[in-house]
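S.K.: Given next are the chains, with one letter for each unit.
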Amino acid sequence: MTFLGLYNYWVFIFVLVVGLYAVLVKGNYVKRMIGLAIFQGAVFLLYITMDKVEGGTAPVFLTPFQPGDLYANPLPQVLILTAIVVGIAVTALGLAISIRIKEEYGTIEEAETREIDRQE
Amino acid sequence: MSLIEHLPILVVLVPMFVAPLLAAVPSRGQLPWLIATLTSLLTFVVAIAIAAQVLAHGTLTYELGGWPPPFGIGLAVGPLSAMMLLVITGASLMALLWGPASMNSEVGHEHQSLLYASWLLALCGLSGITVTGDAFNIFVFMEISSLASYVMVSAGPKRQALTATFKYLITGTVGATFYLIGVGYLYMMTGTLNLADMAERLATVSSTAPVLVASGFILVGLALKAALFPMHAWMPNAYRFAPTPVGVFFAACSTKVALFVLIRFDFLVLMPNLPGHADMLVSVLMPLSVAAMLVGSAVAIFERDLKRMLGYSSVAQIGYILLAFSLLSTAGLTAAIVHLFNHALIKGALFMAVGTLVLRTGSSRLDDMAGIGKTMPLTTLAFCLAGLSLIGVPLTAGFISKWYLIVAVLEHGALGWMLLAAILISSLMAIVYVWKVVEVAYFRSPPDNNTGGSPAQRSEAPLGMMIVLWLVVAANFWFGLDTSLLLSLADMETTLLLGSRR
Chain U
1 MTFLGLYNYW VFIFVLVVGL YAVLVKGNYV KRMIGLAIFQ GAVFLLYITM
51 DKVEGGTAPV FLTPFQPGDL YANPLPQVLI LTAIVVGIAV TALGLAISIR
101 IKEEYGTIEE AETREIDRQE
Chain W
1001 MSLIEHLPIL VVLVPMFVAP LLAAVPSRGQ LPWLIATLTS LLTFVVAIAI
1051 AAQVLAHGTL TYELGGWPPP FGIGLAVGPL SAMMLLVITG ASLMALLWGP
1101 ASMNSEVGHE HQSLLYASWL LALCGLSGIT VTGDAFNIFV FMEISSLASY
1151 VMVSAGPKRQ ALTATFKYLI TGTVGATFYL IGVGYLYMMT GTLNLADMAE
1201 RLATVSSTAP VLVASGFILV GLALKAALFP MHAWMPNAYR FAPTPVGVFF
1251 AACSTKVALF VLIRFDFLVL MPNLPGHADM LVSVLMPLSV AAMLVGSAVA
1301 IFERDLKRML GYSSVAQIGY ILLAFSLLST AGLTAAIVHL FNHALIKGAL
1351 FMAVGTLVLR TGSSRLDDMA GIGKTMPLTT LAFCLAGLSL IGVPLTAGFI
1401 SKWYLIVAVL EHGALGWMLL AAILISSLMA IVYVWKVVEV AYFRSPPDNN
1451 TGGSPAQRSE APLGMMIVLW LVVAANFWFG LDTSLLLSLA DMETTLLLGS
1501 RR
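Protein chains in written order, with our numbering: chain U, 1 to 120; chain W, 1001 to 1502.
Extracted from the complex, chain W is given alone in its bound form:
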């Protein structure tokens, strides 16, 4: 077998094997960071190779240990998995490249090798979820990534990080356990854990009560993990109190992986087999996602802390993704997939910009950002440009998402117009909360130097940070103009998921 065939497992194994080694590395200087970054770079390269393979040959499969599925664990990397891998490994790489200065200011050197080891385990778990084709394997990888995430959030500089972690741990575990119960019921009825095999066998037992219960447990469990409104309470504080580079990594990809599992599980296994499942799903998800869009954006307007504001904004954005998904049409699924990718770019850029401001001001409170537009013009400009992408201004990645979402929504007649109104209201609220930051940053005078730190502290961040920040902001515009890669992956995935249904 050539190396190419082993790509799907490599993306999981590389961080998994480096993590324990990294934990043993003496925690001094920048060595742990360097190892983590190089590992992350390697997984990113593997993810690119996988994406190229998927684009050329379609879904990649891999039999662990040579055991053919359904007996062994099979990996199946479809177009959506390939895209998620790019998002996860890319977010990890960018956050690491951006982060060392920020990390040094928040976490002592003596803890860094363990922190970066957890980082790699989270990377391993998140990648594992996207490549595996086995329902129980998803649970295991979900818990690997979650446990590593709890550790990373608890390493935050303030003591509130601990209480935030506890809330995150409780919610995350309940969510994962619900998913486990659902998988148990499905196994009970089908006798298999392989997703593709399960989809086939489910057809004969589709109307039984355990299958219905299973679909409910799986939906609620994954919704908890994905921070779907009203199950989002753990997220804003986890983002705020985590070390900032960790926040960047999570804001870009962690909740999206749960959404990915939800989309794949539902379209592949449940939807084709359960009569009435589609209607039930729509009647639950659509109202919740509209509520998420409106409530998330509204709370973000009144939030006085920038990181928490971005957290609530993510609640709203997850609402967009699930709304697109709940339309259950080709256009809707395309919009959901496109926004999964674009939101990672947008939120990653915004969180990086805020993190850069935090590094200099030492606070993420909005009031401490007064006049920051004069002392840190480039960073503030980057925040504004990423904010434009969040709102969905043409030429940005956010616009592409909104465009596909609106096209998908308008297929639905009168209901579509109501949904369109909700999308527009939520977008208008996004303008308000981005503008709120602009107003404080540009139009409020900076505090006196006696109170706001020395002038050196309130100047632009180190060059390396700025380069990565602007790279991600530039990516927002690049993917706003060139959508060919994203759309061809989305197109392949929708044919795969919906083609089997119709």
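Next up, chain U with everything else stripped away, as it sits in the complex:
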């Protein structure tokens, strides 16, 4: 396959690395959660890309099924639905913890919380 033929995979890698960068580098708890959500979103794209069959339609029976009909593989779509649910739970929990951190420390900057802990 050519470089452009793998277009979706390049997007996957780009989005993955952008998300991971934010997770690793940003010092703000909410920004890190955003990074984590982008990072997980990239994986959803990977799964959705791999189930695509060239010329295939959605795996839904609108008309009676004919032998030779092409349709996308539904299994990765189901898997990624599960992973999306997990991702939402993680994001919700992470943001909830960020709120609690804001209540306890009065800031959501990691450097500042560390400074406050050191002064204790």
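It should be emphasised that the hints constitute simulated quantities derived from the structure, not laboratory data.
It should be emphasised that the depicted structure is a prediction, and the values quoted were computed from it without experimental measurement.
Worth double-checking, as some hints may not be accurate.
Facing chain U, a subset of chain W residues (Cβ under 7 Å, in silico) [what the hints assert, rightly or not]:
id	residue
1	Thr1037
2	Phe1136
3	Tyr1150
4	Ser1154
5	Arg1159
6	Thr1163
7	Thr1165
8	Thr1173
9	Ile1181
10	Val1393
Using N, Cα and C, we set each Cβ at its ideal position, and we do this for glycine too.
Take the given structure of chain U and dock chain W to it, following the hints.
M.R.: Chain W alone, transformed into the frame defined by chain U:
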């Protein structure tokens, strides 16, 4: 179908169904604790029944919803899974039995029913990882247990628990997502998620780039979850700031489950099919595990907080397990399996002893333990005995682990001698950090009563706590003498994993 056939799914379903009910229970008194403990007891009994079945008949399989694998999700409980189930459910039960006084002192009653509901979900997730034979199912259970774990750690009494949880959440999610990417690539190449089926189909596509990438992602993802050096940064603080009973539960089993997945995935799926995978694995894991052994123990020596010290000690112990695993021999795998079990006993006992001290002193800092050997002699003695097991003194469970590890290492000639030196240095450092506690506890005079709380606060902990603590310490000696159960399970597993390879 009789009840026996449904055992593998029961161990997951029981805590899963009780958890939401428990969340609805009014959070007053000891009722939530009682429900969680009874549920945990039930899963422990189921785990014992599963172990008995596995010992008698070999691997148990179960088809969810009656769909035969590879179409449905199949459960496969091998000897190692059975052992891990015993460790997980046993650790949960012991931590719960030990914990109510400690929990009451750290977490308000109004939060306890939700906390114990999370506990059961973590138990459900960890058990689920060990019984399932499906790669994606492992991810789902991993996230169930991790999400519940984040909630439990964040319930800790100090506000640093929140920042510790955040770090844990980020690392845990990145690890799980890496694992998910790896599984995605493997699915792309094989079209199946069932581990046994995947192992078969992988043979035809083994040299392709996606499979190589997959093995890398899976290794790194699970290493993050298992707190393998240098990916351990989240662990010591998560252990320290979690409510103490939660710390006991996690210290005994949570990172070990990731190691279990790593061992099973690698030996079952990747190793037999990928040419050169074994060499690559060894060249990555062996240096890292040696570094973990040395750095973990060294940092533990200088750590001034007892819980964090145990966390760094766990980093070193995970190093031992992975070193044994990276030898890729029958003896090495046996040593890894034996230490998975024994380390749970050792770290559980140590963490319980420290938790008992914390209950009375109100602090886990080493300096606050001055003279504690005089005011809490039984607890301190329990810590010392568990410490002996950690170091690997004969008659203890730790000795059995070290013995098998050294036997396995010495099979490897000159390299083996170097590894042996690393093991001995790490063990000597373990003596130093256990001794450091002994010195403060016995040879430093206790503070005046004005500064160190009233005399009543600095006496032995409640009887129930002491009984459980000593029970676990006694188990350290029991499994130091009677190794038949453990070795027969380890033996069955090594034949299963390595037999298919040779």
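S.K.: Hint by hint, say whether it matches the structure.
M.R.: Here is what the structure says about each hint:
no. : hint    : verdict
1   : Thr1037 : violated, 26 Å
2   : Phe1136 : holds, 6 Å
3   : Tyr1150 : holds, 6 Å
4   : Ser1154 : holds, 6 Å
5   : Arg1159 : holds, 4 Å
6   : Thr1163 : holds, 5 Å
7   : Thr1165 : holds, 6 Å
8   : Thr1173 : holds, 5 Å
9   : Ile1181 : holds, 6 Å
10  : Val1393 : violated, 38 Å
Hint compliance for this structure: hints 1 and 10 are not met, and every other hint is.
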